[in-house]
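**Q** Now for the letters of each chain:
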Amino acid sequence: MRKRLLNWDFWTLVTVLAAAVFGLFLIYPLFSLFASSFQDPATGSFTMKNFIRFVERKYYYQSLINSMWVTTCVTLLSIIIGTALAYFMTAFKVKAKGSVEILVIISMLSPPFIGAYSWVLLGGRSGVLTRFLSDLFQTEWPSIYGFSGILLVLTLKLYPFIYLYVAGALKKIDASLIEAAESLGCSGLKKVATVIMPLIMPTVFAGGLMVFMNALADFGTPMLIGEGFNVMPVMIYSEFINEVGGQANFAAAMAAMMVMITSAIFLLQKYAVNKKSFTMSSLRPLQAKQLTGWKNIVMHAGIYLLVLVSVIPQLTVTYTSFLKTSGQIFVPGFSLNSYITVFDNLALAITNTYAYSFIAILAIVLLGMLVAYITTRRRNWLTNIIDTLTMFPYIIPGSVLGITLLLAFNDEPLILSGTATIIIVSLVIRRLPYTLRSSSAILYQISPSVEEASISLGASPLKTFFKITAVMMIPGVLSGAILSWITCINELSSSVILYTGGTRTMAVAIYTEVIRASYGTAAALSTILTLTTVLALLLFFKVSGSKDISL
Amino acid sequence: MSVAIHIEHVVKRYDQTTIIPDLSADIQNGEFFTLLGPSGCGKTTLLRMIAGFNSIEGGQIKFDALVINDIPTHKRNIGMVFQNYAIFPHLTVRENVEYGLKLRRLDKAAMRQKVDDILRVVKIEEYQDRLPERLSGGQQQRVALARAIVIHPSVLLMDEPLSNLDAKLRVEMRGAIREVQNQVGITTVYVTHDQEEALAISDRIAVMQAGVIHQIGKPHAIYTRPYNGFVSTFIGHSNLFRGRIKIAGSEKYVVFQDGYQVEMDNLGPVADGQEVVVAVRPEEFSVQETGLSCRIHSRVFLGKYVNYTLTFAPDMLVPNQPAIEFSQDLGHAEKIFELGDSVTLRPNKAKINVFTADQSANLIKDVKQYA
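Residue numbers (numbering that gives the first Met the number 0), protein chains in the order written: chain L, 0 to 550; chain F, 0 to 370.
In case anyone wonders, no lab produced these hints; they're calculated from the structure.
Glycine residues also receive a C-beta, built at the ideal position from the N, C-alpha and C atoms.
Take these hints with a grain of salt, some might be off.
[Claimed, not checked] Which bits of chain L does chain F cover? Going by a derived footprint, with three or more residues having C-beta under 8 Å, they are:
#	region
1	447 to 461
2	466 to 480
[To be verified] Straight-line alpha carbon distances no greater than 20 Å define the calculated SDA-like cross-link-like pairs of lysine to any residue that follow:
#	chain 1	residue 1	chain 2	residue 2
3	L	Lys189	L	Phe87
4	F	Lys348	F	Ala270
5	L	Lys170	L	Ala83
6	L	Lys57	L	Gly43
7	F	Lys101	L	Leu461
8	L	Lys462	F	Arg103
9	L	Lys466	F	Arg93
10	L	Lys541	L	Ile101
11	L	Lys170	L	Phe91
12	F	Lys113	F	Gln82
13	F	Lys101	L	Val449
14	F	Lys74	L	Phe9
15	L	Lys466	F	Lys74
16	F	Lys303	F	Val286
17	F	Lys74	L	Val449
18	L	Lys462	F	Phe52
19	F	Lys348	F	Ser292
20	F	Lys74	L	Trp10
21	F	Lys61	F	Arg47
22	L	Lys462	F	Lys101
23	L	Lys466	F	Pro131
24	L	Lys466	F	Leu105
[Unchecked claim] Here chain L is said to cover these stretches of chain F; the calculated rule only asks that three of the stretch's residues, wherever they fall, bring their Cβ under 8 Å from a Cβ of chain L:
#	region
25	82 to 88
26	139 to 150
Chain L on its own, in the form it takes in the complex (with noise of 0.2 Å):
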């Protein structure tokens, strides 16, 4: 009797803590600044006049309609592109189709103002590709800067996410359904049109929510990029970084703005992919056709072409990195001169980056198991809404993480801001909820009667947990807790907004660096991260065994 109240305990215990991290660190921090957008920043009294500003000014409401008119671009560029790809790589026989992928995917998981540094590098008005080209061609080369390279970046960032998932999808297809359609008098395109689309459409549709918010969120992109193309997170943090008092209150009401937008999509997402949803799983998957002659060249081109644009950012990068510099010029040459610079000044970022990171995935990954448990084995009301705070991260932006922390946390009585633990909180925070999804993913493939048994052996409830409930669930946590460090240490949007001179992570040290022009420390520290992420990225597929990601 005594110790099954103990036992109750303990997941009562976690319930509770669960409701409380998330209580204290999203709710509370949220509510803080939906407050904060309703305040009078002279008075601190009740007002609307944050949200009238924002309509009333061109130059505010302008940066909405522009992140919404490149975010949809975005999107459905890669939808296109992606989905192209994923059909490709799985119905016709691809050479090399394992680098390729490794390659996608590699693009995919750098960070993305990565990209657009370089494609400044590359195509910016003192850009290799810039010079090159108008001295060929003798005239001035279209500019990189504004929506055309928030675009061109962002959309070669992130179709890798509608590949993964479309390909993903195209994977689950029995081959038994195309030939259904076939002895039915159907072929050709008409099949792609009639069976395939269908099958893959909601697939499509998540993936492409995937990319939408990701794009709508993206600070790192716009700023290095964007220049007089204003988009909503860089008016936010430009807003709110800017210290003429009581521009935060403002910052504040555009970031509520951006929850809300972002909430209304997803919810509207999830109504429109759940009246039909079906699940597929095939015992015969379709196999991949050889093709000939020219479609075989045409498709062939078009595949490395994109993989090279894609990883081009990278090689830029990399080449860079090695370039000899004096100060922040660089000379004809190559040398280790930006790395040498980068230990000696900006070591700590890099110590930063690595304990932060560990810190966060190790809180994670326990969190996210034991939560993960209590959402889908003991399901109660507490449980049930914790269950759906779990969403909540999906759908706010870093920049608007970042904020809501820091107008929650500047004042008494918790005071966090400027210290490491604000910024592991926000890792933590945005990484949690696809742990805990994959863990609950893979606590429903373990049947609860393998608990049972173990506990009608004399096991408690506890001891069952970590013997064999834990055990069980490890391998397919690690990898998926690997994805997730990856996606750490690249975080760039809370973390500028959060870090002060002795937190500063590589992230948020290379996007200093490129606004203060010091072009070859950058490229030092990106080679180093990117370095960090491919390593990572082959750990994962040993440890998964597969090359399959989902994120």
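Fit chain F to the given chain L structure using the hints.
**A** Same frame as chain L, now just chain F:
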């Protein structure tokens, strides 16, 4: 070590739905006791209440004199075998079997001895270092059994352990289970919906439906003297005829609707003219000069015997029966009938059962509901 289980006025409720309204049963020490019933009858629910995975909303369950209602599962010292085996996939066969012993902090030598013994008993010694996913269904079932028995539980609980196996293996495994249970002499509660399995394996069977036990008894008694209409039709097949009691002097008869009458010398207290239901099993008919007239409707040849379905005048029968059957033993049959043939069948008066008109009780002398 082994205990008797006393289930006293137990109630199971989920929110407002009552699954088990009021159930009592006594399971003797060392007995092989089977809960048999159609799916959804509450048999697994009851088993999981004994295990402690389901709460008990009323009444009590005792192991000998100890009330276990509030003892958590892991303190009840039970062994459980699950429908899907629930083998720990990350542990080898041996580690699976050792799991419960390790929790009991046995010393190494004693543990090795016990595990070796049980692996031999269930005949899986040669697979002991394999991971379970490389075992067949039958082998996994043996591991599950060994793992549950090796801890010397007070009771062994088995939840449809054979339902995932193919027919041949099921027969083989049920022999193995019975043999192991005999060897260790442990009180066993076994849940199944398969009546043949229940009849073959059990010391006693409880036939359940809608959270109620209709009858408890030895397999033979349950089959030959079902307590009510549900048991008679759920266990094996029974043809139900409408009938009436006739008492003439000291002689008692059951009269069928067509006037054919059978003298019964084993009836309990009945009244003259009482409406009854007569249950006749397919093998309790014999082809005779006099008896009940009917036509052959269909025929299935099954080797040892031929199974016919019959057409009677509708008012002879209790309505809504799936089929009226007659099994003809080929060892003694003089002639095989063709479809449409008229036949006269005589029910064996020593074997047939007579129920009250509502089929709720058996009117044959000394048929007990709970034995």
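**Q** Now, for every hint given, state plainly whether the structure supports it.
**A** Taking the hints in turn, this is what the structure says about them:
Look at the region 447 to 461 of chain L against chain F: 12 of its residues bring a Cβ nearer than 8 Å to a Cβ of that chain, three or more, so the hint holds. For a cut-off of 8 Å, the count of residues in the region 466 to 480 of chain L with a CB near a CB of chain F stands at 3, and the three-residue condition holds. Using a Cα cut-off of 20 Å, the hinted pair lysine 189 of chain L and phenylalanine 87 of chain L holds, with the two alpha carbons roughly 16 Å apart. For the given pair, lysine 348 of chain F sits about 19 Å from alanine 270 of chain F by alpha-carbon distance, which is consistent with the 20 Å threshold.
As the CA atoms of lysine 170 of chain L and alanine 83 of chain L are separated by approximately 14 Å, the hinted pair is consistent with the 20 Å bound. A threshold of 20 Å between alpha carbons decides the hint, and for lysine 57 of chain L with glycine 43 of chain L the separation of about 26 Å lies outside it, so the pair is violated. Restraint check for lysine 101 of chain F and leucine 461 of chain L: the C-alpha separation of about 16 Å stays at or below 20 Å, so the hint holds. Distance restraint check for lysine 462 of chain L and arginine 103 of chain F: the Cα-Cα separation of roughly 13 Å lies within the 20 Å cut-off, and the hinted pair is therefore satisfied.
Proposed proximity of lysine 466 of chain L and arginine 93 of chain F is supported: the alpha carbons are some 16 Å apart, at most 20 Å. In summary, the hint linking lysine 541 of chain L to isoleucine 101 of chain L is supported, as the alpha carbons are separated by about 13 Å, within the 20 Å threshold. Pair hint lysine 170 of chain L plus phenylalanine 91 of chain L holds up; C-alpha atoms about 13 Å apart against a cutoff of 20 Å. For the hint pairing lysine 113 of chain F with glutamine 82 of chain F, the CA-to-CA distance comes to about 25 Å; that exceeds 20 Å, so the pair is violated.
Restraint check for lysine 101 of chain F and valine 449 of chain L: satisfied, since their Cα atoms lie roughly 17 Å apart, inside the 20 Å limit. The suggested pairing of lysine 74 of chain F with phenylalanine 9 of chain L holds, with an alpha-carbon distance near 18 Å, which does not exceed 20 Å. Taking the CA atoms of lysine 466 of chain L and lysine 74 of chain F, the gap is about 17 Å. The hint holds against a cut of 20 Å. Among the hinted pairs, lysine 303 of chain F with valine 286 of chain F is consistent with the structure: their alpha-carbon atoms are about 17 Å apart, no more than 20 Å.
About 17 Å separates the Cα atoms of lysine 74 of chain F and valine 449 of chain L, which keeps this hinted pair within 20 Å; it holds. In summary, the hint linking lysine 462 of chain L to phenylalanine 52 of chain F is supported, as the alpha carbons are separated by about 16 Å, within the 20 Å threshold. A C-alpha spacing of about 17 Å is found between lysine 348 of chain F and serine 292 of chain F, which places the hinted pair at or below 20 Å, so the restraint holds. Note on lysine 74 of chain F and tryptophan 10 of chain L: the hinted pairing holds, with a Cα-Cα distance of about 19 Å set against a maximum of 20 Å.
In summary, the hint linking lysine 61 of chain F to arginine 47 of chain F is supported, as the alpha carbons are separated by about 14 Å, within the 20 Å threshold. Distance check on the hinted pair: lysine 462 of chain L and lysine 101 of chain F sit about 12 Å apart at the alpha-carbon level, within 20 Å; holds. Restraint check: the Cα-Cα separation between lysine 466 of chain L and proline 131 of chain F comes to about 17 Å, which is no more than 20 Å; the hinted pair holds. A C-alpha spacing of about 18 Å is found between lysine 466 of chain L and leucine 105 of chain F, which places the hinted pair at or below 20 Å, so the restraint holds.
Requiring three or more residues with a Cβ within less than 8 Å of a Cβ of chain L, the coverage given for the region 82 to 88 of chain F holds, as 6 such residues are present. Counting residues of the region 139 to 150 of chain F whose C-beta lies closer than 8 Å to any C-beta of chain L gives 4; at least three are required, and the coverage claim holds.
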